[in-house]
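Chains as they are written, first to last, in my numbering: chain P, 1213 to 1539; chain W, 1435 to 1807.
Don't read these hints as lab results, they were simulated from the structure. Hints may contain errors.
[Claimed, not checked] Some chain W residues near chain P, calculated using beta-carbon distances under 10 Å:
hint	residue
1	P1555
2	G1580
3	P1776
[What the hints assert, rightly or not] Computed from the model, here is a short list of chain W residues facing chain P with C-beta under 10 Å:
hint	residue
4	L1544
5	M1550
6	R1556
7	A1569
8	H1573
9	G1576
10	Y1577
11	N1613
12	W1618
13	Q1622
14	V1778
15	L1788
Ideal placement from N, C-alpha and C gives every residue a C-beta, glycine not left out.
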Amino acid sequence: MSTALAHALNRGLRDAMEADEKVMLIGEDIGQLGGVFRVTEGLQQDFGDLRVVSSPLGEAGIVGAAIGLAMAGYRPVCEIQFDGFTFPAMNQIVTQLAKYRHRSEGKVSLPVVIRIPVGGGIGAIEHHSESPEAYFAHTAGLRVVCPSNSQEAYDMLGEAIRSNDPVIFLEPKRSYWAKSELRTESSSAAITADFERARIVRPGTDLTLVTYGALVPAAQQVARTLEEEDRQIEVIDLRSLSPLDDKTVVDSVRRTGRLVVAHEASQSGGIAGELAARVQEQAFYDLEAPILRVTGYDTPYPASRLEHDWLPNVDRMLDACDRSFEH
Amino acid sequence: MSDTAVATTPWSVLNADGELRHDRRVPDGTAALRLREALRNMVLARRIDTEAIALQRQGELGLWPSLLGQEGAQVGAGSALRPQDVVFPTYREHAVAWCFGVDPVQLLGLFRGTTMGGWDPRERNFNLYTLVIAAQTLHAVGYAMGIVRDGDVGTGIPERDRAVLVFLGDGALSQGEANEALVWAAAQQLPVVFFCQNNQWAISTPVQTQSRVPIFQRATGFGIEGVQVDGNDVVATHAVVEQALTKARAGGGPTLIEAVTYRRNPHTTSDDDLRYRDRAENELWESRDPIDRLRVYLRSDEAGEERIDDEFLAALSQEEEDLAQRLRTGCRALPVPDPADPFVYTLERMTRELDEQREAHLAFVAAEEGNAQ
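Turn these sequences into a full structure, and let the hints steer you where they fit.
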């Protein structure tokens, strides 16, 4: 059934709560309102306010309380309202959530999921278009994932909630209302999402184009455009940003010899740089061209009237592919 | 700067001269503190502290945050706990750990560099020390939310009803997270007791920098009960915590307790407190010592059946010596962790990249050891 990504998440939360009574939701405005993006719509009504908690304002409180709930045996799923509001919770995420299993020498795992709508392209005001994934990927003890369509959103959310490790679950907010096919009958076992693995979205032989989240449809468009020039682009959706499935990418680059990595987040210290380092370590002699990055720039996220060209888009990715083929 | 933060008189039962107000000793709904046991716990906790400082001086520990002077507050609070209650400590709650049955040798590992934790938090519901000030107050709130959802509050079954006791200091109340925790606890009427040891100093920062009103009065603004108690009075502290925990377990909601006490030693063994405070201040608080006053009372005829004699004190001294010996031996015997441990403990499901890093690191370590031999 064709389903919007936000609705797939809603269904994923509902199914997880039905499957395990320890699963509970906690976040600002997630009750009657259903969250500002309506991802939790109807859930408080059906599961009650002890399981769907509309919290006081305060992101540190959301994550800190979730840690305590996890210590008490619950599986809290936090909603942070917007990417830019994650930062008040960074202390709890980085110094507490990510470290507790290590500090307790494996005795206490904290099965906390933190859902964060991320990314730009929606004409939003300040702090509503951020891409904070590299902060989390740089923090040992967290898993960081980002789905790109409804099926992946549903499957990966289920897996995140079942995971005993803390998961930062990044939701490409630009794609919330994009519809794609969703099968939920498999919520138990038929689809094992294994969200550590990247996914080859479209096979190709001439260049590997890697991205994740909201840029996956744009990468597919790039591949379709270049196909008209007889260039076969292999598009890979990373899905997991930590751990990073470099193996799938390296295997691909061994076949194509060229790699372009795209993400909305700023360039320096970003996921693309990490991936490039790993690929050149493992496939140096397979590379026909330098690895190129198409990313947001090393500026604060710009006013929305500028974001169209600031964000990586089809044209900027096409340009990078052309530059790669020049070698 | 005016001295507003200490302008109130904390509630007390046993004064600094060892005189006990019998009419106040057992407030409604509380169980009496066993005074001999309280003395023993305070004395032994102080000995743990003294030995740990000595071990630090000998190079066996990298650091030690001393609790000297806070034994009354901690033993008072720790003695009010039931086994099913849950404790979230800071990093100075050595006497609480002792009262709650944590092996004191395990307290040393964090400071010796053999672990980032030291004990199994689930074994005794005594969570790991928290170094990021006030972070644990939110964990306490979350745990209390879990207790509510488990239905373990207000059942009237003494073995079932539970509460959370979270420790914080006067400095912690300036942190945003502590204030969030108070908001959350109040809004949901959670079974959590915030036990703030106002020991007057956050490293070199006096309490007046943290609060322009007595700390317990801040509770009012959050809509929860605030209580101020003489933290060097183990009897009063116990009674106040006992009352607050009883209320919390019964579903009566949170309490903020301010135990007024004093950090007699520097912040840690790395600190130099004479750079920011007078010796005279320390001497004043030494005269209010929590152990001395209880010993004076228990040695007096006033103590009646609880009176202690030389034999009791001799036995306690021997117990101290045995404990000290166990700490010295136990500290040196703390196992050095395996180089693979950090890799194994980071995530429950080991990732391929971490596994590769682990293998490479172990090979490196093995080669280093080979070279060294």
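Do the hints match the structure? See the list:
1. P1555: holds, 6 Å
2. G1580: At 3 Å from the nearest chain P Cβ, G1580 (chain W) passes the 10 Å test, so the hint holds.
3. P1776: Because about 6 Å separates P1776 (chain W) from the closest Cβ in chain P, which is inside the 10 Å limit, the hint holds.
4. L1544: holds, 9 Å
5. M1550: It holds, given that the least Cβ distance between M1550 (chain W) and chain P is near 4 Å, below 10 Å.
6. R1556: Where the cut-off is 10 Å and the nearest Cβ of chain P is about 7 Å from R1556 (chain W), the hint holds.
7. A1569: holds, 5 Å
8. H1573: Status holds, d = 4 Å.
9. G1576: holds, 2 Å
10. Y1577: holds, 4 Å
11. N1613: With a closest approach of 9 Å, the N1613 (chain W) hint holds.
12. W1618: holds, 5 Å
13. Q1622: Constraint on Q1622 (chain W) satisfied, holds at 9 Å.
14. V1778: holds, 7 Å
15. L1788: It holds, given that the least Cβ distance between L1788 (chain W) and chain P is near 7 Å, below 10 Å.
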